[in-house]
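Peer 1: Respectively, the protein sequence lines represent chains L and P. Residue 152 in the working numbering sits at position 152 of the first sequence, and the numbers go up by one each step. Throughout, the working numbering is defined as the position within the second sequence, counted from one, plus 1000.
Treat the hints as calculated values from the structure; they're not laboratory data. Please note: incorrect hints may appear among the correct ones.
[Said to hold, decoys possible] Straight-line Cα separation of at most 30 Å, DSS-like style, residue types lysine-lysine; simulated pairs: (1) P:K1261 <-> P:K1320; (2) P:K1114 <-> L:K286; (3) P:K1320 <-> P:K1133; (4) L:K114 <-> P:K1320; (5) L:K261 <-> L:K320; (6) L:K261 <-> L:K133; (7) L:K286 <-> L:K133; (8) P:K1261 <-> P:K1133; (9) P:K1133 <-> L:K114.
[Unchecked claim] A few chain L residues facing chain P, derived, Cβ under 8 Å: (10) P45; (11) T60; (12) S111; (13) G156; (14) E221; (15) E222; (16) G333; (17) P334; (18) H336.
[Claimed, not checked] Just so you have them, the derived chain L footprint on chain P, three or more residues with Cβ under 8 Å: (19) 1037 to 1048; (20) 1124 to 1132; (21) 1342 to 1348.
Where a beta carbon is used, it is the ideal one built from N, C-alpha and C, also for glycine.
So you can see what is in the structure, the chains are spelled out below.
Number of protein chains: 2
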Amino acid sequence: MGLPSKTGRTYASVGVDRGAVAVGLRALLEEARYRAPSTSGRPLPLPGHFAGLLRIGTLTVALTTDTIGTKGLLAQELDRWEEVGEDVVAINVNDLAAVGARPAALVDTISMPKSDPAILAALGRGIRQGLEKAECSLVGGETALVPELVNGVDLGATALGFFPPGRRPITGRSIRVGDSILGIPSSGVHANGLTLARRIAAGSPGGYAGTRRGGSRPLGEELLTPTRCYVRAVEAIAANPAVHGLAHISGGGVRNLTRLKAGLSFQLDAWPRPSGIFRFLSREGKVASQEMYQTFNMGIGFVVVCQPSHSTEVSARLAKAGYPDVLRVGRVGPGHGVQLPELGLSYEGYG
Amino acid sequence: MGLPSKTGRTYASVGVDRGAVAVGLRALLEEARYRAPSTSGRPLPLPGHFAGLLRIGTLTVALTTDTIGTKGLLAQELDRWEEVGEDVVAINVNDLAAVGARPAALVDTISMPKSDPAILAALGRGIRQGLEKAECSLVGGETALVPELVNGVDLGATALGFFPPGRRPITGRSIRVGDSILGIPSSGVHANGLTLARRIAAGSPGGYAGTRRGGSRPLGEELLTPTRCYVRAVEAIAANPAVHGLAHISGGGVRNLTRLKAGLSFQLDAWPRPSGIFRFLSREGKVASQEMYQTFNMGIGFVVVCQPSHSTEVSARLAKAGYPDVLRVGRVGPGHGVQLPELGLSYEGYG
């Protein structure tokens, strides 16, 4: 890789400090603590996970919310909106998939300076692409024109999923030492780390219009590639009790694995060497690999932890469902945190 | 009132054009159209209503999303955040209440320039106030630090509600000519029209720190009053089949009534004369009454349409549930749209 391991540009240096977010979020969550009566449904405790779970009568539902963050600024810089429309669906349904829930409905939220039918139509086309891939319905949304508040399009969504009869939430609780870790490749940077990636790409010799070594498209366009949808992967394997945990490798990179279970370690001894856009970003931006792996997905967008005796079967099912590129990326060991032994990288928790 | 009826400052003149939003939104919705297979749940068609409804197995759920818009800028100007935390819950659960759904879960979305634990803690306190009033659980959220994208706190949420056994969605479909229209007072401007209200208040002789004639608090503080929560009102009457329709008087003011049913008119012949903050805004801002009633709630935050023979009983139930100030504000007539005959005001649709 040729990446410096712990020096170099960090995400905090461009204004995004994961530690500061965590501190602020703890403050909010401590103050917001409230236990509703059971007549309003029963939340299932799953702190820090990819989705919130709630039991209403005999049905368990999952709720998740996320925004595309500064990927919207890239869309604006290139005046291309379809891709981020697809993103805002994908990032949310992938979080539902990470608890084993089937997406049912989505609502979008758009804050923008002024109404622009061309932008909104393109976002709509992208949203439809996302919905089709996830087999999910758009049931509402909010578009706020707030010129004083936003400098571009702040695009978010919330997705509702559910557990069909016979399927249980996949939380990671059943993960054991010795489990296999499979990874499904990403389609690029997805919708995380864009504040850093944009800065590096825009400042590179050719800017967004330039093409990186080995690239086939202008850099800006490459960064805009929509997030791959992993819903059909999970639909194919969620009923299999040998599947112990699922992770969407979103903001926080490989740290996302620590959201599944404490008290054991995720040994990523076969994570593929970053290529393409990740190699470019680390070299061009002089970003330390410690930072790269906690900011970007580094080539793997979704992870499946399963019983090792079932990994061949699970991989075969994933291949049949449209994910033939699934590969073994590691195993679960004793200890704690996430390690990439070949690179000497180690991460403790998610925050 | 002394308001000019159709001249004067409009909401469009400060950058918020409801017509332009509608055009853009239609563009998005046309392109996003997609019909998911029924294995992903069945959306119930309720276009333009306060919440999206979806049937999953035997359970019907409702989903709604909204942001506090530029009320966040007022919070920032006054450096007071608890109120808008409560707002972001109230505006969403009130939309659930408007279809007769019981709130179950909420997720919040915060886009802000940098992490600020004091702001987030205050928001958390406000969110808890809102959750308590609605008996609703916070099950997740997203906090994005996006300094390039936002100039303040862009605060939104999505709420999930459901219909307890035996309760049906209240959509307005059963509204008939002759029905009574009851109104429950608001707590002030709630979270709509703030772009205009802020401009008027900030530009008034005493600014935010000044007190309007008859007011007891500084104007800024008065505008910041959290949205009243109508959830317990609806819980008290939702099982009564004489209740035909419910409306949350949010953005769009009295136009919100047209979301309930077409082919009849809402005759607001007893809407209370605007007082307090609304009187101040119209006079100080020289805002036409036509504009006032489609921008602000004008003193009534929630409307209940019911069979006239049951209006006394419904009012008594509302009083017992904590809304003793409910009053009759009009009746359903033939024709279409919303009329305020005393003021000579007429509105066609919502958009």
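Peer 1: Indicate, hint by hint, whether the structure satisfies it.
Peer 2: Each hint tested on the structure:
For the given pair, K1261 of chain P sits about 29 Å from K1320 of chain P by alpha-carbon distance, which is consistent with the 30 Å threshold. Annotation: proposed proximity of K1114 of chain P to K286 of chain L holds, straight-line Cα distance about 24 Å (limit 30 Å). Annotation: proposed proximity of K1320 of chain P to K1133 of chain P holds, straight-line Cα distance about 16 Å (limit 30 Å). The straight-line distance between the Cα atoms of K114 of chain L and K1320 of chain P is roughly 44 Å, outside the 30 Å bound, and the hint therefore fails.
A distance of roughly 29 Å separates the Cα atoms of K261 of chain L and K320 of chain L; the hinted pair therefore holds under the 30 Å criterion. A distance of roughly 29 Å separates the Cα atoms of K261 of chain L and K133 of chain L; the hinted pair therefore holds under the 30 Å criterion. Between K286 of chain L and K133 of chain L the alpha-carbon distance is near 36 Å, which puts this suggested pair outside the 30 Å criterion. Among the hinted pairs, K1261 of chain P with K1133 of chain P is consistent with the structure: their alpha-carbon atoms are about 29 Å apart, no more than 30 Å.
Straight-line distance between C-alpha atoms of K1133 of chain P and K114 of chain L comes to about 34 Å, which puts the hinted pair past the 30 Å bound. Annotation: interface hint on P45 of chain L violated; nearest CB of chain P at approximately 10 Å, more than 8 Å. Because the closest C-beta pair between T60 of chain L and chain P is about 10 Å apart, greater than 8 Å, the hint is violated. Because the smallest distance between the Cβ of S111 of chain L and any Cβ of chain P comes to about 5 Å, under 8 Å, the interface hint for this residue holds.
A hinted interface residue such as G156 of chain L counts as satisfied when its beta carbon comes closer than 8 Å to some beta carbon of chain P; here the least separation is about 5 Å, so the hint holds. A least Cβ separation of about 20 Å between E221 of chain L and chain P goes past the 8 Å threshold, and the interface hint is therefore violated. Restraint check, E222 of chain L versus chain P: the minimum CB separation of about 20 Å is more than 8 Å; hint violated. Annotation: interface hint on G333 of chain L violated; nearest CB of chain P at approximately 30 Å, more than 8 Å.
The interface hint given for P334 of chain L is broken, as the beta carbon of that residue sits about 31 Å from the closest beta carbon of chain P, more than 8 Å. With 8 Å as the threshold, the beta carbon of H336 of chain L stays out of range of chain P, its nearest partner Cβ sitting at about 24 Å, so the hint is violated. Given a C-beta distance limit of less than 8 Å, the hint that chain L covers the segment 1037 to 1048 of chain P holds, as 5 residues qualify and 3 suffice. Counting residues of the segment 1124 to 1132 of chain P whose beta carbon lies closer than 8 Å to any beta carbon of chain L gives 6, which meets the minimum of three for the stated coverage.
Against chain L, the segment 1342 to 1348 of chain P contributes 0 residues with a C-beta closer than 8 Å to a partner C-beta. That does not satisfy the three-residue criterion, and the hint is violated.
Violated hints, in rising order: 4, 7, 9, 10, 11, 14, 15, 16, 17, 18, 21; the structure is consistent with all others.
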